[in-house]
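Here the protein sequences come in this chain order: S and G. When you line the first sequence up against this note's numbering, it's residues 27 to 550, in that order. When you line the second sequence up against this note's numbering, it's residues 25 to 207, in that order.
Read the hints as simulated data drawn from the structure, not as lab findings. Keep in mind the model is a prediction, meaning the values are calculated, not measured. Hints are not guaranteed to be accurate.
[Said to hold, decoys possible] Covered stretches of chain G, as calculated for chain S (at least 3 residues, CB under 8 Å):
hint: 1; region: 31-41
hint: 2; region: 188-196
[What the hints assert, rightly or not] Quick list of simulated restraints, FRET-style, between CB atoms:
hint: 3; chain 1: S; residue 1: D405; chain 2: G; residue 2: S186; range: 28 to 36 Å
hint: 4; chain 1: G; residue 1: Q167; chain 2: S; residue 2: P90; range: 36 to 44 Å
hint: 5; chain 1: G; residue 1: P55; chain 2: S; residue 2: D405; range: 28 to 36 Å
hint: 6; chain 1: S; residue 1: I492; chain 2: G; residue 2: D129; range: 51 to 59 Å
hint: 7; chain 1: G; residue 1: S26; chain 2: S; residue 2: V534; range: 19 to 27 Å
[Unchecked claim] List time: in silico DMTMM-like cross-link candidates among lysine to aspartate or glutamate, alpha-carbon distance up to 25 Å:
hint: 8; chain 1: S; residue 1: K439; chain 2: S; residue 2: D36
hint: 9; chain 1: S; residue 1: K516; chain 2: S; residue 2: E528
hint: 10; chain 1: G; residue 1: K104; chain 2: G; residue 2: D166
hint: 11; chain 1: G; residue 1: K151; chain 2: G; residue 2: D169
hint: 12; chain 1: S; residue 1: K545; chain 2: G; residue 2: D28
hint: 13; chain 1: G; residue 1: K37; chain 2: S; residue 2: D129
hint: 14; chain 1: S; residue 1: K217; chain 2: G; residue 2: D28
hint: 15; chain 1: S; residue 1: K439; chain 2: S; residue 2: D129
hint: 16; chain 1: S; residue 1: K365; chain 2: S; residue 2: E528
Beta carbons are placed, not taken as given, at the ideal position from N, Cα and C, and that holds for glycine.
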Amino acid sequence: MAHGPATLADGWRAYISRWVFTTNHKDIGTLYLWFSFAMFLMGGAFAMVIRAELFQPGMQLIRPEFFNQMTTMHGLVMVFGAIMPAFVGLANWMIPLMIGAPDMALPRMNNLSFWILPFAFAILTSTLFMEGGGPNFGWTFYAPLSTTYAPESVNFFIFAIHIMGASSIMGSINIIATVMNMRAPGMTYMKMPLFVWTWVITAFLLVAVMPVLAGAVTMMLMDINFGTSFFDAAGGGDPVLFQHVFWFFGHPEVYIIILPAFGVVSQIIPTFSRKPLFGYSSMVYATAAIAFLSFVVWAHHMFTVGMPIAGELYFMYATMLIAVPTGVKVFNWITTMYKGSLTFETPMLFSIAFVILFTFGGFTGLMLSIAAADMQYHDTYFVVAHFHYVMVAGAVFSGTAAIYYWLPKWCGKMYNETMGQVQFWVAFIGFNIAFMPQHFLGLAGMPRRYADYGLQFADWNMVSSIGAFIYGGAQIMLLYNVIATIRNGKPTTEEKTWEGAEGLEWTVPSPAPYHTFEKPPEFK
Amino acid sequence: MSTDASNRRVVVKSLFGAAGMFAFAIFVLPPMYDLFCEITGLGGKTGDEYTAVDVRVDTSREVRVRFLASNNASMPWVFKPTKDSVVVHPGEPTEITYFAHNVTDQDMVSQAIPSLVPNNVADYFHKTECFCFENQPLAAGDQADLKLVFIIDPDLPAGVNSVTLSYTIFDITDRAADPIAQL
Ligand code: HEM
Ligand SMILES: [Cu+2]
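Start from the sequences and build out the full structure, keeping to the hints where you can.
Structure (structure tokens):
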């Protein structure tokens with residue numbers, strides 16, 4: 027065949043080669059999205075194990091050692107395997123379409139940055155079957171738990187993190203190059219869609235902090251294998267140093283996760299409000315401000331390590347400052363909806379839920395940022411509830427919204443609106459039943475990361491587990507909806523799937539042809 | 025400029041930035057952290073060997089110095105101060121000892137790591153001699169009195185009437201035998 031991608035009709039070999047050697051941004055975006063969904067299901071399965079064990083007090087299903095591996099792997103897989111690659115997938119698919127570019131700037135590097143990921147996660151997951159088990163020291167892998175007291179498999183964990191870091195850095199460089207060099211004539215920076223803006227800023231954050239994560243695991247590697255003592259007090263090192271290095275990466279990381287989600291919601295809300303986004307330039311500046319501030323607040327994760335009072339106060343005020351640009355964004359989304367002619371299709375439902383629940387998570391974040399109060403909240407379920415509100419109701423809801431929003435453009439089929447809305451309500455209700463009670467548990471003093479708990483926590487834990495199972499079920503429904511749409515959804519060939527949608531991605535046919543914008547479009 | 029050339033420039037600059045951040049994490053952050061702790065006296069790390077310059081003894085003031093000892097993780101030695109506390113005048117050199125006993129049937133090497141509370145006065149606690157400046161080998165079954173001579177600085181902020189010095193003893197036998205770790 028001369029042109030176009032190989033399909034199954036060309037035989038298995040051609041079909042597999044197409045995906046392995048592809049340099050097409052849409053193919054790579056698709057690979058990223060499917061991979062991240064697979065990781066999402068795996069991380070979700072770990073979460074189900076955790077919640078099943080916590081359904082009742084006492085140990086019923088698994089041993090505590092395995093429980094620790096589950097909490098660690100759940101966090102690692104969800105952050106690095108599900109959320110981050112999902113948004114890289116969206117970036118691959120949508121950024122070239124949104125800025126009128128024929129492809130990503132560096133297509134072969136794009137292929138590489140995707141294909142090393144499955145290896146990283148194969149290595150990471152294989153540690154569960156090794157002698158001594160997989161990583162059991164929490165997704166934040168604090169030394170010396172992750173060095174002196176780590177299981178044998180820790181070296182594989184370190185190697186996997188290195189690969190993920192390399193993949194993210196390459197992916198980010200690609201996005202930066204694409205946005206800087208491949209925009210259609212007339213597309214100035216201040217005319218770029220917000221999803222593109224939030225992603226470039228995220229890419230800069232990634233290039234800056236993924237190497238710091240690589241540095242942290244490299245120092246661990248040296249402490250474990252080569253007798254250095256970066257984090258070992260016996261040799262003059264300091265375990266608290268680990269926490270500083272980790273959170274210097276870790277706090278920007280949470281914004282890496284949420285900024286592209288902000289971008290998605292900033293695309294969807296105007297579409298279904300049939301109004302342009304309110305305060306476009308303030309959105310851009312707020313995003314940049316959040317990214318900048320994220321570098322100077324890291325020790326709010328460390329209020330209890332014994333910082334001097336001046337440090338506590340500085341990190342407290344700096345953290346609270348982030349709420350200002352975040353508040354600007356929330357204000358703009360709400361004002362965009364204000365007096366709009368709203369309709370509530372599935373992507374819009376997820377986006378509105380995002381705004382409400384993310385704001386809620388921001389408020390619990392503000393509570394945690396009060397250094398004096400954090401002495402009580404730290405390392406309790408309150409923190410777990412906080413970050414699930416911002417990461418799940420934030421990043422995952424916005425990712426789900428993105429799937430429903432752009433799926434018709436990707437495959438030229440319309441999803442079933444009723445099924446989409448049912449899935450939304452199951453997810454929304456399940457999510458809140460699962461995580462709202464965790465606030466109460468945390469305030470009442472239930473510590474996180476334990477396989478068992480006191481009897482006084484029994485009721486809310488059972489409620490939380492039931493919610494978690496419902497929320498897990500909602501993800502199976504999402505998978506079903508996507509597959510059902512691809513296989514026998516109602517075909518749609520309209521360029522503009524949503525009447526209120528604006529932007530270059532809605533000027534190409536549906537499904538988007540394999541090659542688009544080979545001649546740069548006119549953009550006014 | 026062609027797109028290819030500008031792409032290449034983005035790649036080179038970004039990789040340069042990434043490599044810089046990696047180096048920053050490994051080579052700059054740890055020394056910066058140590059320096060910060062040293063300047064502020066945070067972390068309760070006491071200073072290196074001190075040569076007494078000030079002979080003034082402030083007999084009008086008394087400071088109680090308490091001693092603690094703990095063993096890291098699986099360190100099996102018996103390790104404890106021979107006195108729980110002493111009362112000293114600022115400026116006056118005082119000698120105390122810690123008792124260590126290697127109860128195992130193996131020759132071992134240890135290292136003691138100090139920490140001082142309240143940690144903002146670490147700069148006012150001077151050690152002219154300390155077993156913690158070197159590592160301490162003990163043959164199987166041996167015991168030793170480990171010597172420490174300290175001076176409380178006469179400039180110790182008013183209001184501080186007592187300080188607590190604690191040592192944690194670590195087993196560094198493997199490390200002491202490892203040539204790389206000696207670097
Ligand atoms: C107004 C915004 C926010 C504020 C003020 C805030 C504040 C905080 C504070 C103070 C903690 C530490 C609590 C403790 O460990 O005791 C924390 C933990 C956390 N936050 Fe936020 N946060 C905000 C937004 C976010 C966002 C947007 C995300 C990610 C999408 C996020 C993810 C996390 C995570 C993952 C943790 C827990 C890390 C761990 O210990 O495992 N936060 N937050
Ligand atoms: Cu943070």
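Status of each hint after checking the structure:
no.	hint	in the structure
1	31-41	holds (count 6)
2	188-196	holds (count 4)
3	D405/S / S186/G: 28 to 36 Å	holds, 31 Å
4	Q167/G / P90/S: 36 to 44 Å	holds, 39 Å
5	P55/G / D405/S: 28 to 36 Å	holds, 29 Å
6	I492/S / D129/G: 51 to 59 Å	holds, 57 Å
7	S26/G / V534/S: 19 to 27 Å	holds, 26 Å
8	K439/S / D36/S	holds, 23 Å
9	K516/S / E528/S	holds, 23 Å
10	K104/G / D166/G	holds, 15 Å
11	K151/G / D169/G	holds, 17 Å
12	K545/S / D28/G	holds, 17 Å
13	K37/G / D129/S	holds, 21 Å
14	K217/S / D28/G	holds, 24 Å
15	K439/S / D129/S	holds, 23 Å
16	K365/S / E528/S	holds, 19 Å
Violated hints for the displayed structure: none, as all numbered hints are satisfied.
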